[in-house]
Amino acid sequence: MRLMCVFFFLAALCSGQMLDLKSLDRFASKASDTVDVHLEGPMLKMAAGFLSGDKADEAQVKKIVEGLTGVYVKSFEFAKSGEFTDADLDGIRSQLKPPVWSRIVSVKSQKDGESSEVYMRATGKDQVGGLAVIALDAKELTVVQVLGSIRLSDLGALSAIPGIPDVRMGPRQKEENK
Amino acid sequence: MNDDLESELRNALRRKQPSRDLMPAIPRPARNWWKLAAAAAAVAVVAPIGGGVYRAHEQRKAKDQLVFALRLTAVKLQRTRAQMQTIQMEKFQ
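Chains Z and W are the protein sequences, given in the same order.
Okay, so the first sequence: first residue is 1 according to this note's numbering, each after it adds one.
Okay, so the second sequence: first residue is 1 according to this note's numbering, each after it adds one.
Bound conformation, chain Z alone (with noise of 0.2 Å):
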């Protein structure tokens, strides 16, 4: 059973699927928030399940999750600035790698000191098969990666709706539950 979970982990890898993120975890040590979401397969299907379709928000949500395989989320939030460098995500980049992922847009401004990076899995002829953005500012590291089909305008619907939960770890959470 062991064997089939590692064989089929590093086939994810393999097909170009899963980023390996396991680089980013020694930034949680430092950081004063961190958020770490992994949802695939029965946990995501789970939480697909307890969406209410009659709020807006989770009804929205639950129309982009229908079509997906996976989400991954590391987010790391500083106190100060120079925690990391951009050399740190070139892990990260080397898995993005064409054929399977292309970059569609990179984003640095200098004055600001923020970057982007969205990259797309193209699975066939007008489709997304995976979304990746990586997310960098002074103070702030953030690799996302969804997997599946996905439309970029339900997910661009999603950001105006309100009442994000918050599902922060870190000292300011654990204050903040005090």
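For the record, the hints were derived by calculation from the structure and aren't laboratory data.
Take these hints with a grain of salt, some might be off.
Taking lysine to any residue pairs in the SDA-like style, the calculated list, with each CA pair at most 20 Å apart, reads [said to hold, decoys possible]:
(1) Z:Lys-108 - W:Arg-81
(2) Z:Lys-62 - W:Asp-64
(3) W:Lys-61 - Z:Asp-36
(4) Z:Lys-63 - W:Asp-64
(5) Z:Lys-22 - Z:Lys-62
(6) Z:Lys-45 - Z:Asp-154
(7) Z:Lys-111 - Z:Gly-82
(8) Z:Lys-111 - W:Met-84
(9) Z:Lys-111 - W:Gln-88
(10) W:Lys-61 - Z:Thr-34
(11) W:Lys-61 - Z:Phe-78
(12) W:Lys-61 - Z:Met-46
(13) W:Lys-91 - Z:Ser-106
(14) Z:Lys-108 - W:Trp-34
(15) Z:Lys-139 - W:Arg-79
(16) Z:Lys-55 - W:Arg-60
(17) Z:Lys-139 - Z:Lys-45
(18) Z:Lys-62 - W:His-57
(19) Z:Lys-45 - W:Arg-81
(20) Z:Lys-111 - W:Met-89
(21) W:Lys-61 - Z:Glu-40
(22) Z:Lys-108 - W:Ile-87
(23) Z:Lys-45 - W:Ile-87
(24) Z:Lys-139 - Z:Ser-23
(25) Z:Lys-111 - W:Lys-61
(26) W:Lys-91 - Z:Lys-45
(27) Z:Lys-22 - Z:Ser-109
(28) Z:Lys-63 - W:Gln-59
(29) W:Lys-91 - Z:Ser-109
(30) Z:Lys-111 - W:Arg-81
(31) Z:Lys-108 - W:Lys-61
Knowing the structure of chain Z, use the given hints to seat chain W on it.
Below, chain W alone, put in the same frame as chain Z:
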């Protein structure tokens, strides 16, 4: 001699009451069966409820994570678009 031996044997084989220390070591199933049955019934009732509560908690947690992850993705995409627009506007000016 024979009388002494017989008397010693009688003494040794005489029925005696067990000491108080020995009493707790002897199981008495007939007296406590209902307590065991009540405990088993309580476990049978509470365990599925506890499992259900835990499963609901895990589902809610997974749902919150999913909503958060997709909203975060949307926000990052929106910020990327805004950055691109800012850069384009700066080029025109």
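Right, here's what the structure says about each hint:
no.: 1; hint: Z:Lys-108 - W:Arg-81; in the structure: holds (12 Å)
no.: 2; hint: Z:Lys-62 - W:Asp-64; in the structure: holds (12 Å)
no.: 3; hint: W:Lys-61 - Z:Asp-36; in the structure: holds (12 Å)
no.: 4; hint: Z:Lys-63 - W:Asp-64; in the structure: holds (16 Å)
no.: 5; hint: Z:Lys-22 - Z:Lys-62; in the structure: violated (28 Å)
no.: 6; hint: Z:Lys-45 - Z:Asp-154; in the structure: holds (19 Å)
no.: 7; hint: Z:Lys-111 - Z:Gly-82; in the structure: holds (16 Å)
no.: 8; hint: Z:Lys-111 - W:Met-84; in the structure: holds (13 Å)
no.: 9; hint: Z:Lys-111 - W:Gln-88; in the structure: holds (14 Å)
no.: 10; hint: W:Lys-61 - Z:Thr-34; in the structure: holds (16 Å)
no.: 11; hint: W:Lys-61 - Z:Phe-78; in the structure: violated (24 Å)
no.: 12; hint: W:Lys-61 - Z:Met-46; in the structure: holds (10 Å)
no.: 13; hint: W:Lys-91 - Z:Ser-106; in the structure: holds (17 Å)
no.: 14; hint: Z:Lys-108 - W:Trp-34; in the structure: violated (74 Å)
no.: 15; hint: Z:Lys-139 - W:Arg-79; in the structure: holds (16 Å)
no.: 16; hint: Z:Lys-55 - W:Arg-60; in the structure: holds (15 Å)
no.: 17; hint: Z:Lys-139 - Z:Lys-45; in the structure: violated (33 Å)
no.: 18; hint: Z:Lys-62 - W:His-57; in the structure: holds (19 Å)
no.: 19; hint: Z:Lys-45 - W:Arg-81; in the structure: violated (30 Å)
no.: 20; hint: Z:Lys-111 - W:Met-89; in the structure: holds (15 Å)
no.: 21; hint: W:Lys-61 - Z:Glu-40; in the structure: holds (14 Å)
no.: 22; hint: Z:Lys-108 - W:Ile-87; in the structure: holds (9 Å)
no.: 23; hint: Z:Lys-45 - W:Ile-87; in the structure: violated (40 Å)
no.: 24; hint: Z:Lys-139 - Z:Ser-23; in the structure: holds (18 Å)
no.: 25; hint: Z:Lys-111 - W:Lys-61; in the structure: violated (38 Å)
no.: 26; hint: W:Lys-91 - Z:Lys-45; in the structure: violated (46 Å)
no.: 27; hint: Z:Lys-22 - Z:Ser-109; in the structure: violated (27 Å)
no.: 28; hint: Z:Lys-63 - W:Gln-59; in the structure: holds (18 Å)
no.: 29; hint: W:Lys-91 - Z:Ser-109; in the structure: holds (13 Å)
no.: 30; hint: Z:Lys-111 - W:Arg-81; in the structure: holds (17 Å)
no.: 31; hint: Z:Lys-108 - W:Lys-61; in the structure: violated (34 Å)
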